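**Student:** Reconstruct the complex from the two isolated chains, following the hints.
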Amino acid sequence: MAINAPSEWLSAQEITRAVTARRISAVSVTEATLARIVQHDPVLNSFTDLTADRARAKARAVDAAVAAGQNAGPLAGVPFAVKNLFDVRGLPTRAGSKINRDLAPSPRDATLIERLEAAGAVLVGALNMGEYAYDFTGENSHDGPSRNPHDVTRMTGGSSGGSGAAVGGGLVPLALGSDTNGSIRVPSSFCGIFGLKPTYGRLSRARSFPFVSSLDHLGPLARSVGDLALAYDAMQGPDSDDAACTTRPPEPVAALVAQDISGLRIAIAGGYFQNNVTPEASEAVARVARALGAMRVIEIPEAARARAAAYVITTCEGASLHLDRLRKRPDDFDPAVRDRLLAGAMIPAPLVDRAQKFRRWYRARVLEIFEAVDVIIAPATPYVAPKLGQVTSMLDGVELPVRANIGIHTQPISFIGLPVVAAPVPLEPMPIGVQIIAAPWREDIALRVAHALERSGVVAAPRPGGF
Amino acid sequence: MTTDPLDDYIDAVSKALGLSIADAWKPAVRANLEISLRLAGLVDEFALPDETEPASVFAA
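Heads up: the protein sequence lines correspond to chains G and Z, in order. Per our numbering, the first sequence starts with residue 1, numbered consecutively. Per our numbering, the second sequence starts with residue 1, numbered consecutively.
Only true hints are included.
Keeping only pairs whose Cα atoms sit at most 20 Å apart, straight-line, the calculated EDC-like set for lysine to aspartate or glutamate is:
hint : chain 1 : residue 1 : chain 2 : residue 2
1    : G       : K98       : G       : D332
2    : G       : K98       : G       : D49
3    : G       : K328      : Z       : D23
4    : Z       : K15       : G       : D331
5    : Z       : K15       : G       : D324
6    : G       : K387      : G       : E399
7    : Z       : K26       : G       : D332
8    : Z       : K26       : Z       : D4
9    : Z       : K26       : G       : D324
10   : Z       : K26       : G       : D331
11   : G       : K328      : G       : D102
12   : G       : K328      : Z       : D11
Read the hints as simulated data drawn from the structure, not as lab findings. In this text, all values refer to a predicted model and were calculated from it rather than measured experimentally.
Here chain Z stands alone, though its shape is the one from the complex (with noise of 0.2 Å):
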């Protein structure tokens, strides 16, 4: 039997952070991570200059 890779992804992720996916909510949880991953995508094929600062705020 195969399992889909991303299935299988969610189910690593959920045990690594110590979170239960109820079986019920998976297919939900799997369809707004595939919208989340397209939308990463889009972001991360888009080229910037290794010196990029990130934008996350913090004033020491």
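Pulled out of the complex, with its shape left as it was, chain G reads as follows (with noise of 0.2 Å):
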């Protein structure tokens, strides 16, 4: 017999295990969750829309499969939100923006929503984010921003903000994001959650509003490895309808997770990963490299270069894609989105040629460190989460521009396309990430480290007083 329980804080894989078993009802399930939302959100500011109606109907259904005696899927029953720049049947997919706006309700959901909701996950609503995902903060100038959960005061980091904000909360135990520079793996480091950017190219982006097309990853936000491992491996595949999209068959992780990572080779990024971080970050990968007993350190070659190329690109792709908006509707953008757009679009062609050369000759060299090395760990941002509305940061002694600042070890990383899980180190009294990187298409090693340092204790997503 199914029994009405709360669901608060509870894993997807807990809450999956629980509605199989009908020791819990998926539809109590996603009652709880609502409830969370209404009782929490007008603090956390993380959702744009609920869609509660849809969930209600998917969470009956998921409860009729399982009293059928079906297989209702991996994930039967687990709430999940997205980020608002995926398509939403039926909500106009907004992307941050007011102008999208506009845009008629999308037909169809997303690839990523249709492949967890056909894994038994049921959609609760859509999440607040910076405009266009030109952002690193999850600031938003239309919605508000979307608020810490370990300090309301403080920034969720962006631009999948109010993912970060919804997970680091407990609102949903899973949330999906982009990440073009960082935009997952920095509000994983703020809201101290776990985050999986995967390999370029291993998830379908279809039907979610791009920004930078050779740099668009999507990927899923959770608190702890498993849920990760459990929510990646529903929604890899090939599809047609993006044309990143890799052909190679899945490679599911869950069941790989927690073997042992004693033969890996795991060193610790040096140079420029070094430099330019506050104390916090600095103890969050000490701790990191003593839980694993890595000793070595090894330079990635060329690393401000490649996040300069990475800003450029990122800058002059983005000023392409909103060329037609910048023109007609100037007024109706975050000025401080428009004002760098309408920078990128002055970029002389030739310099952004050079940058995506110097990317093929970047990629090479850091893809001969991993014949050497399996696993790199890094900062995920130089600092704990900054105050909402804050503009500069302290850094080496010097002041800095927050905004310009907060992705400087993940964009490049991200610029070649490596997969990295997002884990958080429970430091007092704010949380902040660490970068576990690997090969491309070895997502399974970086899971398998932070599942390792998960089981030891050294990282952790805590829960915030208050939620």
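**Tutor:** Right, dumping it as structure tokens:
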């Protein structure tokens, strides 16, 4: 017999086990989730849309399947929400903007939503984000900022800010985000949760609003490595609707994450990645390195130039994407986004071409490193979450703009599409993440290392007070 | 009266692209462009072999 029980702070794995065993109903999990959102979101401001009717219908279908003895899927009854750049059937895909609210409602869900729902998960809504994903703060001039559940006066990080707040605050166990230069890893770091930015091309981006096509990735955010793996497995697979999506067959990881990691060669990123960090970021990397017994320090060559090239490609491709909107509706942009995009439209083409050529060179050098190591550890962010509205921050004794520097450690990694797990180190009072970086297509290795660290207690998603 | 070459450049490119930039936005656009050009310069000064292929992604 199904029983109704509170579902707060349960993991996706716990929920699906309980739903499948009929110890709890998907409907009761959904109702509890919707109630938590109503209770806490006025503070967190993480949701922009609730899909309550749809969620209830899906939950009833899951319960009916379980009652009929059918396989309700590996994510049976798990509530999830998506950054509002994913197409959700019946909603305009606002992508954090005012302008896109005028779009017609989407006729069909994004591929990743379809795949999670096919696995039994229950979509409960769409999440706040920085405008057009050109953001590291989680602030939004149209919808207001999403707020960090560990300190609501601080940033969530962006641009998947609502995803960070909703998972970190326990409103949902699972959310989807996008990461062009760090937008999954940054909110994971600031909000104290796990995030997976898979290899470029691994997960379909079909029916999501783009930003920089050669850098855009989608991926999950959750409070445990097991939940990341569960969601990631459900979303893998080729998709002809995304030209960049791999034709490799799915490579499931959930059964692999608990494997022993003693044979893995793990190094710490030195040089660029040890500069421009606060003591908190250094401490997080040191704790992880100690737990892994990682003594070796390697230098990723020309990382500063890689970050510069990613910046140039981003601003130029972003400007190209939005050029017509910049012509017709410049007043309707978030001013900070508009001014960066206008500047991006003015980069001479040869400089962008050189950035793409440098990218090829840099990729080859970094892949050489992976002949000798399996995993590289680096900070996810240079500091813990800044205060909302904070403009500058001290780094290595120099006062620097916050917005431009939040992603300095994530950009050189996504620039060449490497898979990364952002894992939270539960420092007090604010958590901060580390990047666990693997070679292309080796998400399994990054997740195994994250899982070993989670098991040892060195990384964990801490439950914030009041949530 | 002398004008700043970067301001002239912004005016010329915005005209060529059909972009209207309000006077109030110009300092921020200019500041962003200065950052972008400085970072692009870091890439520009790095010598690459002539044969280097760009890494923008396209699969036919």
